[in-house]
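> Quick note on UniProt numbering: the sequence shown kicks off at 1 and runs consecutively.
Hints in this document: simulated from the structure, not taken from any laboratory.
Hints should not be assumed to be uniformly reliable.
Dumping the calculated EDC-like pairs for lysine to aspartate or glutamate here, alpha-carbon to alpha-carbon at most 16 Å [said to hold, decoys possible]: (1) Lys161 to Asp127; (2) Lys147 to Asp32; (3) Lys161 to Asp115; (4) Lys147 to Asp127; (5) Lys131 to Asp115; (6) Lys131 to Glu41; (7) Lys164 to Glu181; (8) Lys164 to Glu189.
Restraint ranges, calculated between C-beta atoms of paired labels, are given here [to be verified]: (9) Glu176 to Glu203: 33 to 41 Å; (10) Ala65 to Thr140: 45 to 53 Å; (11) Leu168 to Asp192: 16 to 24 Å; (12) Glu203 to Pro135: 37 to 45 Å; (13) Gly73 to Ser173: 53 to 61 Å; (14) Leu168 to Asp115: 18 to 26 Å; (15) Ser173 to Asp122: 50 to 58 Å; (16) Asn50 to Ala170: 53 to 61 Å; (17) Val163 to Pro88: 43 to 51 Å; (18) Ala113 to Ser159: 35 to 43 Å.
All C-beta atoms in this analysis are idealised placements derived from N, C-alpha and C, irrespective of residue type, glycine included.
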Amino acid sequence: MTSGRCIDSSYRSNKYRLLGTKVALVRGVSDDVAVLVLEDETELLDAYVNGLEDEYDVYAAETAATATDHVDGLGDDLDVALLDRRLPERSGDDVLKYIQSAPIDCRTAMVTAVDPSLDIIDMGFDDYVVKPVTPSDLRTVIDRLLKLEAYDDVYQTLSEKRVKRSVLAAELSRTELERSEEFAALQSEIADLEAQLESIESEIDDEALPH
């Protein structure tokens with residue numbers, strides 16, 4: 001994970017590092033999770049950042065242009081993006097499309113005053129949260145999105161190992177399999193991954209999980 005460092009000489013309220021009129025990185029204490037927050041209302045952005053920076057590396061943006069700059073700069077180190085929809089120039093929807101088109105694996109949530117309508121059907125977000133929201137609400141959203149990402153990672157690995165087990169079971173005799181330390185290790189790995197998956201499932205709403 002990249003460190004949350006942005007070199008610039010100007011500051012606002014000793015918290016935001018500015019690049020021209022763009023709001024740049026806000027450094028949190030965690031180097032593990034990078035969160036992009038796009039919000040054009042300065043006071044609201046301040047409140048979000050203050051409530052998140054102790055747990056995450058928060059990359060704050062007041063404009064879509066700044067948000068896409070952060071996406072480009074972070075690349076696959078960006079874990080979660082929280083996006084307002086209604087902005088003065090380009091919309092948060094445009095940033096969502098930009099993230100989707102980038103070669104990165106990033107979970108996204110729309111955090112907006114815009115009530116959902118049929119236009120969201122073709123939008124590729126992971127969550128949709130209608131304001132007002134608190135920093136605590138956002139932490140809950142981030143935690144849920146990170147668990148979804150962990151679920152996908154474990155599920156993919158488990159699926160690959162199950163395929164290998166099936167192939168070996170079809171090609172080798174029971175005696176060969178019972179004598180194989182490698183096959184026993186594979187069985188153990190599958191059991192561990194199944195336990196991990198079950199643990200994650202117990203913490204996530206069932207509707208959010210792939211079926």
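> The structure should be examined with respect to each hint, and the outcome stated for every one.
Results of checking the hints against the structure:
Proximity of Lys161 to Asp127 is assessed by CA-CA distance (about 30 Å); at most 16 Å being required, the pair is judged violated. A distance of roughly 14 Å separates the Cα atoms of Lys147 and Asp32; the hinted pair therefore holds under the 16 Å criterion. A C-alpha spacing of about 42 Å is found between Lys161 and Asp115, which places the hinted pair above 16 Å, so the restraint is violated. Straight-line distance between C-alpha atoms of Lys147 and Asp127 comes to about 13 Å, which keeps the hinted pair within the 16 Å bound.
Distance hint between Lys131 and Asp115 is fulfilled; the C-alpha atoms sit about 9 Å from each other, no more than 16 Å. Between Lys131 and Glu41, the direct Cα distance comes to roughly 13 Å. Compliance with the 16 Å bound is thereby established for this hinted pair. Restraint check for Lys164 and Glu181: satisfied, since their Cα atoms lie roughly 15 Å apart, inside the 16 Å limit. For the given pair, Lys164 sits about 12 Å from Glu189 by alpha-carbon distance, which is consistent with the 16 Å threshold.
A beta carbon spacing of about 39 Å between Glu176 and Glu203 agrees with the range 33 to 41 Å that was offered as a hint. Taken as a hint, the range 45 to 53 Å is violated for the pair Ala65 and Thr140, whose Cβ atoms sit roughly 29 Å apart. With their beta carbons about 18 Å apart, Leu168 and Asp192 fall inside the hinted range of 16 to 24 Å. Checked against the given bound of 37 to 45 Å, the beta carbons of Glu203 and Pro135, roughly 21 Å apart, lie outside it.
Checking the proposed 53 to 61 Å range against Gly73 and Ser173 shows it holds: the Cβ atoms sit about 55 Å from each other. With their beta carbons about 52 Å apart, Leu168 and Asp115 fall outside the hinted range of 18 to 26 Å. Distance hint check: the CB atoms of Ser173 and Asp122 are about 51 Å apart, consistent with the given range 50 to 58 Å. About 57 Å separates the C-beta atoms of Asn50 and Ala170, a value consistent with the hinted range of 53 to 61 Å.
Taking 43 to 51 Å as the suggested C-beta distance range, the pair Val163 and Pro88 conforms, at roughly 50 Å. Separation of Ala113 from Ser159 is about 39 Å and conforms to the stated range, judged on CB atoms against 35 to 43 Å.
In this structure, the hints that do not hold are numbers 1, 3, 10, 12 and 14, in rising order.
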